[in-house]
Amino acid sequence: MDSLDTKVKNIIAGILGVSVENINDDTAIGDLVEWDSLHHIHIIAAIEKEFGFRFTPDVMMDLEDVSDIVSATEERAGK
Amino acid sequence: MMCEKILKGRYVQIRSITENDAQFSVEIRQDKEKNKFLHTVEANIDKQIAWIKKQQNSEGDYFFIAEALDGKKIGTVGIYDIKEKTGHLGRLLMIGNPFQTFEAVLLSMEFAYNILGLEELYGDVHVDNTPSLNISEAVGMHFKEPEYDGELDRWVKYGIAYKSEFPKYKGEVEALIYRD
Chain A
370 MDSLDTKVKN IIAGILGVSV ENINDDTAIG DLVEWDSLHH IHIIAAIEKE FGFRFTPDVM
430 MDLEDVSDIV SATEERAGK
Chain H
695 MMCEKILKGR YVQIRSITEN DAQFSVEIRQ DKEKNKFLHT VEANIDKQIA WIKKQQNSEG
755 DYFFIAEALD GKKIGTVGIY DIKEKTGHLG RLLMIGNPFQ TFEAVLLSME FAYNILGLEE
815 LYGDVHVDNT PSLNISEAVG MHFKEPEYDG ELDRWVKYGI AYKSEFPKYK GEVEALIYRD
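These protein sequence lines map, in sequence, to chains A and H.
Each number in our numbering comes from the position in the first sequence (counting from 1) with 369 added on.
Each number in our numbering comes from the position in the second sequence (counting from 1) with 694 added on.
Errors might be hidden in some of the hints.
What the hints assert, rightly or not - Facing chain H, according to a computed beta carbon distance under 8 angstroms, are these residues of chain A, among others:
{"id": "1", "residue": "393"}
{"id": "2", "residue": "405"}
{"id": "3", "residue": "410"}
Said to hold, decoys possible - Quick list of in silico lysine-lysine cross-link-like pairs, DSSO-like style, CA-CA up to 30 angstroms:
{"id": "4", "chain 1": "H", "residue 1": "851", "chain 2": "H", "residue 2": "864"}
{"id": "5", "chain 1": "H", "residue 1": "864", "chain 2": "A", "residue 2": "418"}
{"id": "6", "chain 1": "H", "residue 1": "838", "chain 2": "H", "residue 2": "851"}
{"id": "7", "chain 1": "H", "residue 1": "766", "chain 2": "H", "residue 2": "699"}
{"id": "8", "chain 1": "A", "residue 1": "418", "chain 2": "H", "residue 2": "862"}
{"id": "9", "chain 1": "H", "residue 1": "779", "chain 2": "H", "residue 2": "747"}
{"id": "10", "chain 1": "H", "residue 1": "766", "chain 2": "H", "residue 2": "838"}
{"id": "11", "chain 1": "H", "residue 1": "730", "chain 2": "H", "residue 2": "766"}
{"id": "12", "chain 1": "H", "residue 1": "702", "chain 2": "A", "residue 2": "418"}
What the hints assert, rightly or not - Across the chosen pairs, the derived CB separations fall in these ranges:
{"id": "13", "chain 1": "A", "residue 1": "393", "chain 2": "H", "residue 2": "747", "range": "44 to 54 angstroms"}
{"id": "14", "chain 1": "A", "residue 1": "400", "chain 2": "H", "residue 2": "854", "range": "24 to 34 angstroms"}
{"id": "15", "chain 1": "A", "residue 1": "395", "chain 2": "H", "residue 2": "766", "range": "20 to 30 angstroms"}
{"id": "16", "chain 1": "H", "residue 1": "828", "chain 2": "A", "residue 2": "431", "range": "36 to 46 angstroms"}
It should be emphasised that the hints constitute simulated quantities derived from the structure, not laboratory data.
Note that CB positions come from ideal geometry on N, CA and C, so glycine has one too.
Just need the whole structure built from these sequences, with the hints factored in.
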């Protein structure tokens, strides 16, 4: 069974259309040409749909890199 | 020209630029990564103040500063070259997060369509500026095939967005950024 970390990275890679090997904890919006503003909001929406919750606006506004998203998802969805 | 109102959203507000924004509007143009598809601007505050004063009295030209709700300045966006029922959407330069960027663009388009009464908005984006092309298309800009702009020596895509289609695109973007 995939860990939450792996699931999040797979979702991000899928939205961006890149190999998950290109996604590490430090990868952030703007680091890959594919990860632009439009794809960022699609990533957040896809994670919320997959895990069945909504980030609060305050949390959502501070999500910049993979580790931010994984941590916030763990906090909201549980490990 | 000056818009007397502050246009407020959930994540940002946009208001007309003033001379007090000269420092910010110069600094944001010095970020090489953010400005790689734009022409360079001299880092001269006095010249920027003079430009803002002129812009404030320029017919058919609105230049907004985007602010986070805590008042932090996070970008610029403009509606200009207004002629009858058409105008140009541009000067988009944001250092905020994507949710703020999209909302700032929607607020400026609402201003153009619903306050100014424009029917069409034009845009031009460097062919390699995929992030800006993606934002523009998401809010309803239809782009043509790339054309060479000899004056600025660059390949650009020219686009047009229609007021009649705005509710559809606005609704799609709002569903993503608000997720109500």
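So, going through the hints one by one against the coordinates:
1. 393: 20 angstroms, violated
2. 405: Constraint on residue 405 of chain A satisfied, holds at 4 angstroms.
3. 410: Holds: closest Cβ of chain H sits about 5 angstroms from residue 410 of chain A, inside 8 angstroms.
4. H:851 - H:864: Satisfied, since the Cα-Cα distance of roughly 22 angstroms is no more than 30 angstroms.
5. H:864 - A:418: With a Cα-Cα distance of about 21 angstroms, the restraint between residue 864 of chain H and residue 418 of chain A holds, given a limit of 30 angstroms.
6. H:838 - H:851: 6 angstroms, holds
7. H:766 - H:699: 18 angstroms, holds
8. A:418 - H:862: 22 angstroms, holds
9. H:779 - H:747: Satisfied, since the Cα-Cα distance of roughly 25 angstroms is no more than 30 angstroms.
10. H:766 - H:838: Judged against 30 angstroms, a Cα distance of about 36 angstroms means the pair is violated.
11. H:730 - H:766: 24 angstroms, holds
12. H:702 - A:418: 28 angstroms, holds
13. A:393 - H:747: 44 to 54 angstroms: Distance hint for residue 393 of chain A, residue 747 of chain H holds at roughly 48 angstroms.
14. A:400 - H:854: 24 to 34 angstroms: Holds, at about 32 angstroms.
15. A:395 - H:766: 20 to 30 angstroms: 25 angstroms Cβ-Cβ, so the 20 to 30 angstroms window holds.
16. H:828 - A:431: 36 to 46 angstroms: 22 angstroms, violated
In summary, the numbered hints that this structure violates are 1, 10 and 16.
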